[in-house]
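S.K.: Whenever a hint applies, use it, and build me the whole structure from the sequences.
Just so you know, the sequences run in chain order A, B and C.
Using the numbering used here, the first residue of the first sequence is number 1, and each one after it goes up by one.
Using the numbering used here, the first residue of the second sequence is number 138, and each one after it goes up by one.
Using the numbering used here, the first residue of the third sequence is number 275, and each one after it goes up by one.
Derived by calculation from the structure, the hints in this document are not laboratory data.
Only a predicted model underlies this, so the values are computations on that prediction, with no experimental measurement involved.
Fair warning: there could be bad hints in the mix.
[Unchecked claim] 20 Å max Cα-Cα, derived EDC-like pairs, lysine to aspartate or glutamate:
no.: 1; chain 1: A; residue 1: Lys-2; chain 2: C; residue 2: Asp-310
no.: 2; chain 1: C; residue 1: Lys-401; chain 2: B; residue 2: Asp-191
no.: 3; chain 1: C; residue 1: Lys-342; chain 2: A; residue 2: Glu-69
no.: 4; chain 1: A; residue 1: Lys-106; chain 2: B; residue 2: Asp-191
no.: 5; chain 1: B; residue 1: Lys-212; chain 2: A; residue 2: Asp-54
no.: 6; chain 1: B; residue 1: Lys-212; chain 2: A; residue 2: Glu-69
[Unchecked claim] With the C-beta cut set under 10 Å, the calculated list includes, among others, these residues of chain A facing chain C:
no.: 7; residue: Thr-5
no.: 8; residue: Met-38
no.: 9; residue: Ile-46
no.: 10; residue: Met-81
no.: 11; residue: Ile-131
Even glycine gets a Cβ: it sits at the ideal position worked out from N, Cα and C.
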Amino acid sequence: MKCHTDYLYFNTKKRHEFVNITDKVQEVIDSSGVQDGMALVSAMHITAGVYVNDAESGLIHDIESWLKEIAPTNKNYRHHMTGEDNGYAHLWNLIVGHQVTVPITKGTLDFGPWQQIYYAEFDGIRKKRVIVKVMGL
Amino acid sequence: MKCHTDYLYFNTKKRHEFVNITDKVQEVIDSSGVQDGMALVSAMHITAGVYVNDAESGLIHDIESWLKEIAPTNKNYRHHMTGEDNGYAHLWNLIVGHQVTVPITKGTLDFGPWQQIYYAEFDGIRKKRVIVKVMGL
Amino acid sequence: MKCHTDYLYFNTKKRHEFVNITDKVQEVIDSSGVQDGMALVSAMHITAGVYVNDAESGLIHDIESWLKEIAPTNKNYRHHMTGEDNGYAHLWNLIVGHQVTVPITKGTLDFGPWQQIYYAEFDGIRKKRVIVKVMGL
Numbered sequence: 001m002k003c004h005t006d007y008l009y010f011n012t013k014k015r016h017e018f019v020n021i022t023d024k025v026q027e028v029i030d031s032s033g034v035q036d037g038m039a040l041v042s043a044m045h046i047t048a049g050v051y052v053n054d055a056e057s058g059l060i061h062d063i064e065s066w067l068k069e070i071a072p073t074n075k076n077y078r079h080h081m082t083g084e085d086n087g088y089a090h091l092w093n094l095i096v097g098h099q100v101t102v103p104i105t106k107g108t109l110d111f112g113p114w115q116q117i118y119y120a121e122f123d124g125i126r127k128k129r130v131i132v133k134v135m136g137l
Numbered sequence: 138m139k140c141h142t143d144y145l146y147f148n149t150k151k152r153h154e155f156v157n158i159t160d161k162v163q164e165v166i167d168s169s170g171v172q173d174g175m176a177l178v179s180a181m182h183i184t185a186g187v188y189v190n191d192a193e194s195g196l197i198h199d200i201e202s203w204l205k206e207i208a209p210t211n212k213n214y215r216h217h218m219t220g221e222d223n224g225y226a227h228l229w230n231l232i233v234g235h236q237v238t239v240p241i242t243k244g245t246l247d248f249g250p251w252q253q254i255y256y257a258e259f260d261g262i263r264k265k266r267v268i269v270k271v272m273g274l
Numbered sequence: 275m276k277c278h279t280d281y282l283y284f285n286t287k288k289r290h291e292f293v294n295i296t297d298k299v300q301e302v303i304d305s306s307g308v309q310d311g312m313a314l315v316s317a318m319h320i321t322a323g324v325y326v327n328d329a330e331s332g333l334i335h336d337i338e339s340w341l342k343e344i345a346p347t348n349k350n351y352r353h354h355m356t357g358e359d360n361g362y363a364h365l366w367n368l369i370v371g372h373q374v375t376v377p378i379t380k381g382t383l384d385f386g387p388w389q390q391i392y393y394a395e396f397d398g399i400r401k402k403r404v405i406v407k408v409m410g411l
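M.R.: Structure follows, in structure tokens:
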């Protein structure tokens with residue numbers, strides 16, 4: 001059994017940004033030499049998400065609009081009493097989830113035709129990280 | 138260490154349908170011979186969910202009603218400019234999640250008394266798949 | 275490859291309670307002897323969540339308020355026809371998620387500086403359990 005770890009780094013230009021990391025994750029899988037197993041892809045921050053869905057710009061716009069509706073960016077969150085202004089970003093992290101576990105078969109992401117892995121930055125313009133941990137045979 | 142993969146197939150009669158797949162997942166675990174480990178149960182589509190909750194028809198009705206409230210089916214999503222009409226189903230996928238990792242102890246799902254694994258179809262009446270990947274000793 | 279399982283027990287004093295279990299999970303990892311791998315941390319109940327976010331009391335208050343907004347505790351859920359009164363708690367479980375998989379590197383949770391693991395009790399004042407299953411080298 002092999003276990004291989006790598007990190008992806010981000011420093012987005014906009015506060016909210018959706019980055020397709022599918023190819024980067026596949027590169028880490030390639031480096032691991034794992035043919036059959038799983039990869040954990042997990043944001044190391046509490047104001048970012050990792051999810052699997054479609055690489056379609058309209059949908060990405062819909063996701064951000066919808067997040068703003070159910071957890072508004074401009075609300076007076078109690079968390080802001082600490083001096084922070086990113087209460088919404090913590091809630092978006094809870095909705096979207098900060099991690100996925102993805103299946104690997106024959107050395108490749110065992111995905112359906114439309115599945116893509118996204119890093120969803122909710123409080124960017126600063127250095128952030130995602131851990132990719134691959135386990136398997 | 139063993140690694141075993143199988144796929145469950147669905148073609149639901151209704152556009153929205155909740156299918157209890159607990160027994161099917163246990164059958165894959167049985168085939169794997171894994172006594173101690175984990176199984177990743179993951180939809181291979183971006184308009185379906187996999188979750189663990191109660192096998193109670195009233196609750197399943199509540200879940201669907203609630204999803205319709207927080208991400209309506211009849212809204213004019215930007216995603217629909219591609220010709221699709223299933224924007225809501227992508228958002229439901231994000232809320233519910235498209236995968237779970239379930240624990241295996243002594244060859245059996247190590248679950249609490251009410252936990253059941255569901256495949257939640259949000260855009261059915263077509264062929265869909267769930268991957269079940271079992272890893273362990 | 276090692277596989278090690280332990281259970282955390284809860285019996286909260288309040289119906290809703292957020293318990294930081296990061297140290298408890300690290301203790302299980304220590305017991306496992308795993309240096310490189312993953313731990314599955316999963317509630318064995320359908321009215322509780324497990325998530326990773328900030329240990330900040332204002333934010334925890336925000337999370338509970340927000341859950342009450344998008345899935346009210348006092349709504350007449352169809353699930354209540356079974357005699358239950360915890361329909362909301364099942365929906366909160368779906369939003370927050372009932373499990374996380376956390377990465378282990380050099381025997382330690384490979385986390386960003388603010389990440390903490392929480393057990394979120396949504397229907398407490400009774401005995402509950404979380405399974406921690408550690409796999410790796």
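S.K.: List in ascending order the numbers of the hints, as given earlier, that are violated by the structure.
M.R.: Of the numbered hints given earlier, the structure breaks just one, which is hint 4.
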